[in-house]
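Taken in order, these protein sequences are the chains called D and A. If you read the first sequence in the working numbering, its first letter stands for residue 1, the second for the next number, and so on. If you read the second sequence in the working numbering, its first letter stands for residue 1001, the second for the next number, and so on.
Fair warning: there could be bad hints in the mix.
To be verified - Calculated pairs, DSS-like style, for lysine-lysine (alpha carbon to alpha carbon, straight line, at most 30 Å):
#1 A:K1140 to D:K600
#2 A:K1058 to D:K282
#3 D:K572 to A:K1112
#4 D:K179 to D:K570
#5 D:K429 to A:K1112
Claimed, not checked - To be clear about the criterion: a stretch of chain A counts as covered by chain D if any three or more of its residues have a C-beta under 8 Å from a C-beta of chain D, and this derived list gives those stretches:
#6 1083-1089
#7 1093-1103
What the hints assert, rightly or not - Chain A is nowhere near these chain D residues, computed Cβ spacing over 12 Å in every case:
#8 A254
#9 Y285
#10 S470
#11 Y547
#12 V551
Since the hints were made in silico from the structure, they are not lab data. Note that the Cβ used here is the ideal one computed from N, Cα and C, for glycine as well.
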Amino acid sequence: MEKGRTYFALSSVVLLVVLAISPLKDSFREWKWYQYEYNGLVSAMPQRIKPTDIGIKQVWARTLDRIDRCVTCHLGLKEKALAESKQPFRSHPRIYHDFEDFGCTICHEGQGPATSFMESVGKVKYWDKPIFPKEYMEASCGKCHKEARVLQAPILTLGRKLIEESNCVACHKLEGYSKQWVPGLDGIGSKVNRNWLVRWLKNPRGYFAKAKMPNFLLSDEDANLLADFLMTFKSFGSEAVLEPIPKKLTPASASDLEKLVELGSTRFREARCISCHPINGKGGYVATELGKVASKVSLQWLYNYLKNPKRLQPGVEMPRYRLKESELNAVTAYMQSEFIDYELEEVPPHAPDPAYHEKGLALFKKYNCSGCHELGGMKKAEEMGPELTSIGDKKLYEIDFGKDSIEHTLPLYLFTKLKDPRVFLATMKMPKYEFTDEESRAVAVALLGNTKELIPEELKVLPGPPSTYSPQGEFGKLVDDLACFGCHTMFGRGRLVATDLTLESSQAQGEWIKGYFRVPYSLRPILTERMPNLFLNDREIQVIVDYMEKVFIADSLEQHFENDQTRVTKGKILFYEKYGCQACHQLNLKGGYVGPALDKVGSRLKPGWIIHWLKDPQALNPESIEPNNKMADDEVEALTAFLMSLK
Amino acid sequence: MRTLVVACVLQILVGCSNNNKSTTSAKDTVRVVQDSGANALLPSLTYEERQGRHLYMKYCAVCHGTEGKGDGFNAFNLDPKPRDFTDSRYMSALSDARLLETISQGGRGVNKSVLMPSWGGRLTTIERTYVMAFIRLFGKPKN
Chain D
1 MEKGRTYFAL SSVVLLVVLA ISPLKDSFRE WKWYQYEYNG LVSAMPQRIK
51 PTDIGIKQVW ARTLDRIDRC VTCHLGLKEK ALAESKQPFR SHPRIYHDFE
101 DFGCTICHEG QGPATSFMES VGKVKYWDKP IFPKEYMEAS CGKCHKEARV
151 LQAPILTLGR KLIEESNCVA CHKLEGYSKQ WVPGLDGIGS KVNRNWLVRW
201 LKNPRGYFAK AKMPNFLLSD EDANLLADFL MTFKSFGSEA VLEPIPKKLT
251 PASASDLEKL VELGSTRFRE ARCISCHPIN GKGGYVATEL GKVASKVSLQ
301 WLYNYLKNPK RLQPGVEMPR YRLKESELNA VTAYMQSEFI DYELEEVPPH
351 APDPAYHEKG LALFKKYNCS GCHELGGMKK AEEMGPELTS IGDKKLYEID
401 FGKDSIEHTL PLYLFTKLKD PRVFLATMKM PKYEFTDEES RAVAVALLGN
451 TKELIPEELK VLPGPPSTYS PQGEFGKLVD DLACFGCHTM FGRGRLVATD
501 LTLESSQAQG EWIKGYFRVP YSLRPILTER MPNLFLNDRE IQVIVDYMEK
551 VFIADSLEQH FENDQTRVTK GKILFYEKYG CQACHQLNLK GGYVGPALDK
601 VGSRLKPGWI IHWLKDPQAL NPESIEPNNK MADDEVEALT AFLMSLK
Chain A
1001 MRTLVVACVL QILVGCSNNN KSTTSAKDTV RVVQDSGANA LLPSLTYEER
1051 QGRHLYMKYC AVCHGTEGKG DGFNAFNLDP KPRDFTDSRY MSALSDARLL
1101 ETISQGGRGV NKSVLMPSWG GRLTTIERTY VMAFIRLFGK PKN
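Let's have the full structure, built from the sequences with the hints guiding it.
Listed below in structure tokens is the structure:
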């Protein structure tokens, strides 16, 4: 009985202590210490900063329906004087969005309502979105900014560009990206050397350092099976038949061949093939490597392709050069004699597996080759890879991290997967894209922004509708035949390898454009991609210039301009001594390489264009790095007068 | 009693060592994955510096060089030569306000060579402070 009383007394005391602890515990919260520390910090500073009153604080972003209590401890977010101070008091870098409107977790992720450090930023059970690592932050920009180029988010922009170029949408469902053109495979059996094909299938980058085709990491056996399967497709889909090789292309005497090759070499250089095609790694990267092409394709195919590229390869962005029959022979002969792969060994005749067709077809289907390539009207396999439309919401328990012991977070998973797609499971089918670390991170950033997050429509920045511009008539035929859209943009359609032509005739004088087609030259000496000489005839050039002067022109940019000597003199002084234009532009062989040379610019540009350009260069070309000097009107006129006097 | 204590201590030790082992291996892989890139510098930059880096590479590096040494490919054509931002004695004497003024108004605005253009019309105020934040990195000793 006595013992029982003692136990009772003891347990009462314990109960009392426990009861006392629970309210006490509340007054020792982590965030309170931070707030006391903050008040101590700011009172010791020379600047006057208002100390905080103790209590939980929160930002309620009404439009996004988020409540973030991060500001309970991050107290100096708006105090510039705390820019160098330690966390959690450091001021927030200056950005375009005010956190009082947007909150914190919409960009940073993490658990907004939490009031302890570990719970708000770290990995917590049932909370799948720990705070984003700094290098993946731009992923959040992608939640609202859906356009291809987000100026303030260069990593996101790079990632979106890579996703588009790598043709991820061939296998994955992903909104906002269009499918890339990839060469069809019909007729490949009449085109390439089987030996080359096996090596290409095993490692495309071994042939061409910037090959778009990823590495499927095929075994020798699989590569051979697939090659045997592909080599059976000898006829071109569009009912095109290869013309026989003309006799003149293979002259009997060595001296005739030498002459032919020499002419071919000249035309090859004049046509500036290396503007788009690299030769042993040097040159443009728009098109495929030519350095070893004679060992890749057959002579007959090469001759036919140069004669009319689109006939054998519909949709290809190679212009049909206006070469005469003799020149065509010469260029073909030159390429055949020059671009040989001496490392491609002759392999002994290969005995194909009896069931190569079935096995090859199975491989073709397994790796979803028809996702990119057309072949014999084959249908694309449905939902080959996982859907990526909301990959940013993927739960960690849904991810198989395999044996690889990386930290289990979504950004790191995507980064690692993109670096080495089969690292988590060797039997996966995703091919290797040879992304660098920076590129893998960029692609991961672009993917992480794909979430099902409910963003109010008014906050979304959507890309504009795709351009419907499609030139008709004779000009339209020329544009198609010369593959102008492969480099130039017109009314929002095409690539930006070369200039946007939408306002070309407001910019340049017709006579200059005509001369440019006859002898194209680079306005900027440092550019690698250069306008090829297409060997157009005068009538074709006239058609193009006539069309440009009707369509590629804006009346608002036309301006009558009378020149006089006093303004020219004043303009010259402004050019050299006030605005230092020679820092970037060459004139009389003196000056920088950054902008185009300005020799004879008075015979090239129209005065109205120069005036508008000097007032606001980015209004005419948003990508231009030309400074906007906010010049006064009389200065603009004087400079225009000076430039127009350079004829 | 003693055996109990020993058992407890042992258990704790074993538990700890197991824990340590697994975390180290996980971290190792993470480090290998993250450090292998040429761009290992990037994550260590602040937001402003990263934004500034992209702007600097687009607008400034042609003359001032990607390393900030005043040796961009266009520097060859310029006299006087572009400023070397790694010259820490000059740069530490240069106030933020003056640096920002030079970026905004160009050489002509601060009585220096007119070959330095004014970026006040092209870049917004925030963008110019980003560029400045990045330029300041060149003068700092690398660790």
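Hint check:
1. A:K1140 to D:K600: The hint is violated at about 45 Å.
2. A:K1058 to D:K282: Holds: K1058 of chain A and K282 of chain D sit about 24 Å apart, inside 30 Å.
3. D:K572 to A:K1112: 20 Å, holds
4. D:K179 to D:K570: 53 Å, violated
5. D:K429 to A:K1112: Status violated; Cα separation ~60 Å.
6. 1083-1089: violated (count 0)
7. 1093-1103: violated (count 0)
8. A254: Holds: least Cβ distance 45 Å, greater than 12 Å.
9. Y285: About 19 Å separates Y285 of chain D from the closest Cβ of chain A, which puts it past 12 Å; holds.
10. S470: 33 Å, holds
11. Y547: 33 Å, holds
12. V551: 30 Å, holds
The structure shown violates the earlier hints numbered 1, 4, 5, 6 and 7.
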